Amino acid sequence: MSADPGRTIVLWCPDWPVFAACRELGLDPADPIALTEGGLVFACSAAARRDGVIRGLKLREAQYRSPAVTVLEYDAALDARVFEPVVRAVEATVPGVQLVRPGTLAMRARGPARYYGGEDAAAEALLATLAQLGVVGARVGVADGPFAAEQAARAAGASPFRIVEPGASAEFIAPLPVGLVVDARTTVLLNRLGVRTLGEFAALPDADVRRRFGAAGAFAHDRAAGREQTRVTARTPPPEFEVEQHFEPPLDRVDQLAFAFRVRAEEFIDRMRAVRLVCTALRIELDDERGGHSSRSWLHPHWFTPADVIDRVRWQLQGAGTADSGLASPIVRLRVVPERVDSTGNHEEGLWGGGPDERVHHGLTRVQSMLGHEAVVTATIGGGRMLADRQVLVPWGDRPPERRDDAPWPGSLPALAPASVFRERLPISLLDASGTSVAIDARGAISAPPERFAVGADRAVPVRAWAGPWPVVERWWDAERAKRVHRFQIVDDDGCAWLLVRDGEGWWAEARYD
Amino acid sequence: MTAPPVASAAPPARVEELQARIRGMQATRLDSKAVPTHPALEPVLPGGTLREGTVVQVEGSTTLLMALLAGPSASGRWVAVAGLPEFGVEAAARFGIDLERLVLVPDPGRQWLTVVAALADVIPVVAVRPAGRVSPAESSRLQARLRQRGTTLLVAGEWPGSDARLGVEASEWHGLEQGHGRLAAREVVVSTAGRGEFVRRARSRLRLPGPALEFAPVDPTASGHAEPIPFDDVRRRAAG
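In the order they appear, the protein sequences are chains A and B.
With the numbering used here, letter number 501 in the first sequence gets 501, and the count goes up by one each step, no holes.
The numbering used here runs 1000 ahead of the 1-based position in the second sequence.
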């Protein structure tokens, strides 16, 4: 065996998911916060843990134990994204870093220990680096092998680092529960066999463990005995593609900003092109003078060109406004980060050029750059009873929502759908023979048959045929969003058919069959 | 060598008729390619189909517009609808327009003509409701572009120099009674006017839609209605 038994440094940031979420959303990590995944608590802050919230608890139980808890959805991508600057900073201090998971880093101890003059000095240098980034409460563990080192970091307690002497790792991990090295089923089995700690597990004969639990068991047995064979495999730092630009003085016009960013956008795409990559999804982050922050992901059906990147910046800035409109607050910083890159080989044009759909895409992108991202839409049919709810319009280039099953939606209209569905319902009047508005009582009966019909302030025309009322009752369990309306179909004197709606406020035309 | 026999001076009416005929032939452009069209619209459209590079005005019915879009969409072409915010997507899907290849620009705003030109470059069938008056110069410039690209433009409104005009003259719904039933089917009378006098004005009856959400010409033998009535005949009969 070599003189170096795999001395390893592990850097561990406790509750990293909570910290990442707080940093992204601007929350205070000292408040009780819980992140959930699939209805169960995935991670929680120290304050929530003091109230009794633990990992794996049901959301309702967690809220019962800690009524003030802020519940957020766990986002693994966010975790990794916020950790990336930390990894880069640590790589600048100590080269050859392995990303175990967001929040945990492993690296070989020999080099840093020699450079900084001791393992404790190296640990302090790492913690100082993290403190500069504003990451507080990090722990460092040094031991033989990554597993023991991570346990040392977790066992550090109040002190910022814990160093286990060479050769003492097996003793150090011996009192820890056996569940740390094997899966849940094997843990139960071992507990029934009377094996509860790593030390007891390590004391079992090697050959017996291998015969009973196979290769995975033998691997766990080596870990428990402090004979870990795995070594730190340092990652190759990925090439940096993101671009950032600060504006001094801050810019308050969209066109100025788009112009100023053009060079950087080209640089952004060129850098990726140089290593034969294309970007298919990116994130644009904007900071304004008043401390506001806006961040949004943009997808591209093919890949981004510099002009496309600038378009996305403009759309994110202008929202519903036009290209030359001013901004609410001047922008001081703009950052573009690629979220998904792909090899150019997968996006190579065919020998005879791209398909017709690519032409369509370019044409529609031109229209979008004229009118804005939301102006060009594709449509799908969703669920719902009211017609406007059923048509789902998705801006060109965005992913359409997941198509749900064709639920029956009792109370929706029969197969014949109206050709014109008004975005804003038209006010109309429906009158009976005596000229008073037709009313519907609580039992759904009409006061008198409708005779005349008028749109807005137009001349009233006779009603040729009619049917109704057809009640639509939605969300009766929710007082604020409950909806109770009656529908009518009528045919007016010109032979035009209408779909009318009567709600608490009056009569409306929802759609026209024209 | 003998001089060719000089034709006797043609009566001016005859000359005018011939000129109209030439105009008509130039307008319909027999060499332009047909766009796959719903078979029910054969009696309605001059020449029986939509043609590439032409402008067709459609007045008074979104369903008729959808029927015109359904044929090209079913044959795999992209279609675009601009300036019609109330275009019913669900009806479009049920009438046979493929939503995967439908693009909507609900509010093109003041730049609508530029938007239509940009759409026409890439999408073979574009429907638009003009947001304002179009000058003849603008329309002829766009029409030249349409012919070059082979795009068909359907206009829900006024358009100077369109190749055909379709309008719904009368519509009659079936299925809805006084207080009961539901809208099931309708029959419409579609009037067609071609460009020039070469294509005669005509009216035809269509099911728009029929009871199974289909488009079909009304069978004259079944319902007792006559053949599509040429407009001239109606006028002649009215004159006595």
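If you are wondering where the hints come from, they were derived from the structure by calculation, not from laboratory data.
As the structure is a computational prediction, the values presented were derived from the model and not from experiment.
Worth double-checking, as some hints may not be accurate.
Using C-beta positions, here's what the derived DEER-type ranges look like [unchecked claim]: (1) A:P249 - B:P1136: 47 to 53 Å; (2) A:D398 - B:G1179: 56 to 62 Å; (3) B:E1177 - A:V71: 53 to 59 Å; (4) B:R1133 - A:A274: 36 to 42 Å; (5) A:L40 - B:G1132: 44 to 50 Å; (6) B:G1179 - A:P400: 39 to 45 Å; (7) A:A307 - B:G1179: 55 to 61 Å; (8) A:P414 - B:R1141: 43 to 49 Å; (9) B:G1179 - A:V394: 49 to 55 Å; (10) A:G38 - B:E1177: 36 to 42 Å; (11) B:P1136 - A:E240: 54 to 60 Å; (12) B:G1132 - A:A482: 29 to 35 Å.
Backbone N, C-alpha and C fix where the C-beta goes; we use that ideal spot for every residue, glycine too.
We went through each hint and held it up to the structure:
Separated by about 50 Å at the C-beta atoms, A:P249 and B:P1136 satisfy the suggested range of 47 to 53 Å. For the hinted restraint 56 to 62 Å between A:D398 and B:G1179, the CB-CB distance of approximately 45 Å leaves it violated. The supplied range of 53 to 59 Å is met by B:E1177 and A:V71, whose beta-carbon atoms lie about 55 Å from each other. Judged by the Cβ atoms, the range 36 to 42 Å given for B:R1133 and A:A274 is violated: they are separated by roughly 52 Å.
In this structure the supplied range 44 to 50 Å is violated for A:L40 paired with B:G1132, their Cβ-Cβ distance being about 58 Å. Here the CB-CB span from B:G1179 to A:P400 is close to 41 Å, well matched to the stated 39 to 45 Å. For the hinted restraint 55 to 61 Å between A:A307 and B:G1179, the CB-CB distance of approximately 60 Å keeps it satisfied. Between A:P414 and B:R1141 the C-beta distance comes to about 46 Å, which sits within the given range of 43 to 49 Å.
For B:G1179 and A:V394, the hinted distance range of 49 to 55 Å is not satisfied, since their beta carbons lie about 40 Å from each other. At roughly 53 Å, the beta-carbon separation of A:G38 and B:E1177 lies outside the given 36 to 42 Å, and the hint is violated. For the pair B:P1136 and A:E240, the supplied restraint of 54 to 60 Å holds, since their beta-carbon distance comes to about 57 Å. Under the hint 29 to 35 Å, the C-beta atoms of B:G1132 and A:A482, about 42 Å apart, miss the expected range.
In terms of the numbered hints stated before, the structure departs from hints 2, 4, 5, 9, 10 and 12, listed from lowest to highest.
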